[in-house]
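Number of protein chains: 4
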Amino acid sequence: MTAPAAPSANDSLTALRDLTRQFAGERDWQQFHTPKNLAMALSVEVAELAEHFQWLKTGADDELDDAKRTAIRHEMADVLLYLVQLADKRGVDLYAAAVEKMALNAVKYPAAQVRGDARKYNEY
Amino acid sequence: MTAPAAPSANDSLTALRDLTRQFAGERDWQQFHTPKNLAMALSVEVAELAEHFQWLKTGADDELDDAKRTAIRHEMADVLLYLVQLADKRGVDLYAAAVEKMALNAVKYPAAQVRGDARKYNEY
Amino acid sequence: MTAPAAPSANDSLTALRDLTRQFAGERDWQQFHTPKNLAMALSVEVAELAEHFQWLKTGADDELDDAKRTAIRHEMADVLLYLVQLADKRGVDLYAAAVEKMALNAVKYPAAQVRGDARKYNEY
Amino acid sequence: MTAPAAPSANDSLTALRDLTRQFAGERDWQQFHTPKNLAMALSVEVAELAEHFQWLKTGADDELDDAKRTAIRHEMADVLLYLVQLADKRGVDLYAAAVEKMALNAVKYPAAQVRGDARKYNEY
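Protein chains in written order, with the working numbering: chain A, 1 to 124; chain B, 1 to 124; chain C, 1 to 124; chain D, 1 to 124.
If you're looking for bench data, these hints aren't it; they were derived computationally from the structure. Just so it is clear, the structure is predicted and the values come from calculations on it, not from any experiment. Check each hint, because a few of them may be wrong.
Since the list gives no way to pick one copy over another, a pair counts as held whenever it fits inside one copy or between any two copies.
With a cut-off of at most 27 angstroms between alpha-carbon atoms, the simulated DSSO-like pairs for lysine-lysine come out as follows [stated by the list, open to error]:
hint	residue 1	residue 2
1	Lys57	Lys89
2	Lys68	Lys57
3	Lys101	Lys89
4	Lys89	Lys68
5	Lys89	Lys108
6	Lys68	Lys101
7	Lys108	Lys68
8	Lys57	Lys108
Using the sequences and the hints, build the whole thing.
Here it is in structure tokens:
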């Protein structure tokens, strides 16, 4: 796997962190934003996202209509926004953590060994 | 709220999307990655993250040790990586969606009206 | 819908409530069992259950092996046990609540109107 | 731990299983009720339950009002109803599974060793 170039200073995750800080600050909501509460809120948002798919076969585009597509898009946004806030509270650099985790996953699941193997994948 | 500058081409979310595409491609795992399955995997990862906080008071730094901090960091990475893959499958620009959702939230929760108000916040 | 007969005194949900009270009491774990913490633990257990199904087509019996069947059975048990404990803390009679909710659902989804209708069902 | 007496034939979990069979049958909804979909629906309902607690300190009774109490009661009912349906699809006797799991937990967490010990409990 090629090492990704470091994101520039003007990065999307940094921009979202700044936006959420400003938003919560203006509302004095930081007091509610303990890591525990943010983790709980994150799991609620993920469930709201998953709800759109629960009775569908695969969630492919032709199973959705425009209202669903927009709702799914907004739920994904909510998930990212809570994740960014939790990372901010925990002092975690999300991008660095994700790159690090990908490297660990590459060792754990060697491509040559797990290719297209659902059995292996199920044990993931 | 000031409008955030557009992220550069060399953006972290774009880089992670490319990394996950390569990773899944090399393992022929795209076949398992329906939007529905990714949403489900995302909710499992969020629960693994939340699990670290479930018996803690708030999840503040002094309630954690180094092993916990690293585990939490990696679970946050997993959440982001599945979210990025789901967004890729659904053709969603996560950054644009998040900025759009923040603007909607700003209208829905006017700062002057909800400031520090737990009651209002609880109805969020 | 025929009204179900009231469960006898020697009921499974009552028996499980008593078992979990004894178990937590013997370990002095009641102090950790706030409704909020139990709700969080419940959602973690549900995710551990869902994890077994995330890459499967439907979770039908022939997609499972004995190890999976046992693991699923035990995760379902954990979900029930946390639910029973949360209900105990909140003073909720789970059986009465479920019968009441079924009656509300029967009004909300009249059989003649929603029969086999995935569209209606998706809005559920 | 004393062994609980077997539940009578007229048991609450059996009654709820019968009610949900009738309800889904009358609506021809069994076709949507794969184990995977039911597990997903279950996790959505659990999140709707958890949502009521996410910004509260502990979820103790004095932090709730009557509307919240009723909503929480109904969400617990939904969780139980989906769990009962999943158990029915998987052929799992929920009561027997829960009693079996309690026995395993008693071995895993000997009372004398874990009493009131948050550290041990956190590793749960």
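Here is how each hint holds up against the structure:
1. Lys57 to Lys89: Between. Shortest inter-copy distance 15 angstroms satisfies the 27 angstroms Cα cut-off; intra-copy 37 angstroms does not.
2. Lys68 to Lys57: both (15 angstroms within a copy, 22 angstroms between copies)
3. Lys101 to Lys89: both (20 angstroms within a copy, 21 angstroms between copies)
4. Lys89 to Lys68: Answer is between; shortest inter-copy Cα gap is 15 angstroms, intra-copy 32 angstroms.
5. Lys89 to Lys108: between (29 angstroms within a copy, 24 angstroms between copies)
6. Lys68 to Lys101: between (32 angstroms within a copy, 15 angstroms between copies)
7. Lys108 to Lys68: This pair counts as between: shortest inter-copy Cα distance 20 angstroms, intra-copy 36 angstroms.
8. Lys57 to Lys108: between (30 angstroms within a copy, 25 angstroms between copies)
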